[in-house]
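Trainee: What follows is the residue order along each chain.
There are 2 protein chains.
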Amino acid sequence: MSSARELFIEQMGLFSQTEGAPRIAGQILGYLIVEGAPRTLTQMTQALKISKGSASTNARLLEQRGLVHRVSALGQRQDGFAAVDEPGLHTLSIMAERFRASADAIETIAVDFPDDEAAARGRVENLARFHRESAQFLDEWRARLCGRRKPAHNIYKEE
Amino acid sequence: MSSARELFIEQMGLFSQTEGAPRIAGQILGYLIVEGAPRTLTQMTQALKISKGSASTNARLLEQRGLVHRVSALGQRQDGFAAVDEPGLHTLSIMAERFRASADAIETIAVDFPDDEAAARGRVENLARFHRESAQFLDEWRARLCGRRKPAHNIYKEE
DNA sequence: CGGTACGTTCAATACAGACTGAACGAATTG
DNA sequence: CAATTCGTTCAGTCTGTATTGAACGTACCG
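Chains as they are written, first to last, in the numbering used here: chain D, 1 to 159; chain C, 1001 to 1159.
Keep in mind the hints are simulated off the structure, nothing from the lab.
Please note that a few of the clues may not be correct.
[Stated by the list, open to error] To spell it out: a stretch of chain C is covered by chain D in this simulated footprint if at least three of its residues, at any positions, have a beta carbon under 8 Å from a beta carbon of chain D; those stretches are: (1) 1036-1050; (2) 1057-1066; (3) 1075-1088; (4) 1100-1114; (5) 1122-1130.
[Said to hold, decoys possible] Taking CB as the label site, the calculated pair distances span: (6) Gly147(D) x Thr1042(C): 48 to 56 Å; (7) Cys1146(C) x Gly75(D): 33 to 41 Å; (8) Glu140(D) x Gln1076(C): 17 to 25 Å; (9) Glu107(D) x Gly1122(C): 39 to 47 Å.
[Unchecked claim] Here are a few chain C residues that sit away from chain D, every Cβ distance over 12 Å (derived from the structure): (10) Leu1014; (11) Thr1018; (12) Gly1053; (13) His1069; (14) Arg1070; (15) Ser1072; (16) Gly1147.
Note that CB positions come from ideal geometry on N, CA and C, so glycine has one too.
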C-alpha cells in the first residue's frame, strides 16, 4: 500500500503521460508540489527512483514550460527546483499556445486551397477560427483567475 | 510537392499525435472535414494509404469520441462516416471531461493525506479545485459557442 | 446455396520515444 | 592541482503502442 503522497505523484505522472509528456515530468511536478519547497536533482533521483539524466532532462522541460522555476540557491552548489505558485495557470498558457499554433498552421494551409475546393476551404477556415478563438478564451480566463488569486495568501511559505 | 488538402490532412495527423491520439485518427478526421460528406472505410484506405484494420479501428475511435458520426446509408451496404458539424465543440467536451476526471482523482487522493502533511494537502486540494473549475469553464464556453452557431448555415450540404 | 463485399478483431511487427548509464565539461573544494 | 560534485548530453536499450495483414463472422447477392 502506498502513502497519499506517493499516490499523488504517480497520478501526476499518469496525467502527464495522457497529455503526451513524459511520465517522469509529471512525477517531478507532483513531487515538487507536495514538497512545497525547492528540491535538488539528487533528491528527485532518490525520491522517484529515476536516473540523474532523466531528472535533469525532465526538470528542464518543466522549467521551459513554466511549471517549475530554478532557484540559484545562495551558497549552494546544487540547483534547486520548485513548482510555481499556480501550476494550473501555466497549464492554461500552454494550452492556449497550442491552440494558437494550430490556428496559424491551419490558416496557412487554408489559403492554398484552389477555388474549385472553396467549400472545403471554408470548412478548414472554420476550424482555424475555432482554434484561434479557443486560444483567446483560454488567455482571458487565465487573466481572470490570475486576478482572483489572493496576493497575500502565498502557499509556499517554507523555501 | 503536396496539395493543400494533403497538407491539411497531414497536419491534422500531427495534431492528433501531439494530443496522445493515433496519427491516423487525426488524418481520418481531416479527410472527412475536407470531403464534407460521408466516406466509406474503403475510400479512407485508398485516400490515406492505410490498412483496412486501421481505418476501422480509428474511425470507430473518432465515432466514440463524438468527432465523427456513422450514417447508415439507405440502400448502401457500406457504412458512411462523416465529421460532425463542429468538431471543435466536441473537442471542448473531451477536454472538459479530462479535467473533471483529474479533479475527481486528485480530490480522492487529497483526503488521505495525514494531518502532519496538512500544507501539502492544501496544495493538492488547490490543484484539484483548479481542474474542477477548468472543466466547468470549458463547458460554459462550449454552451456559449453552441448558441452562437447560426442554425440555418449548414456547411455540409452535399451528403 | 456458393460467392462476394463488408466491418471487426487479433496476433505479429514496426516504430517512436522515454529512460538509462556512462562520458564529459565546469565549477568548487581541500 | 588533484579530487569531488555538480548539470548536461548522447548513444544505446527498452517498453508501449500504432499499424499492419490475415482470419473471422455476417449480410447481401446471383
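Trainee: Taking the hints in turn, state whether each one holds.
Mentor: For each hint, the structure was consulted:
no.	hint	verdict
1	1036-1050	violated (count 1)
2	1057-1066	violated (count 0)
3	1075-1088	holds (count 3)
4	1100-1114	holds (count 8)
5	1122-1130	holds (count 6)
6	Gly147(D) x Thr1042(C): 48 to 56 Å	holds (54 Å)
7	Cys1146(C) x Gly75(D): 33 to 41 Å	violated (58 Å)
8	Glu140(D) x Gln1076(C): 17 to 25 Å	violated (46 Å)
9	Glu107(D) x Gly1122(C): 39 to 47 Å	holds (43 Å)
10	Leu1014	violated (9 Å)
11	Thr1018	violated (6 Å)
12	Gly1053	holds (24 Å)
13	His1069	holds (16 Å)
14	Arg1070	holds (19 Å)
15	Ser1072	holds (23 Å)
16	Gly1147	holds (14 Å)
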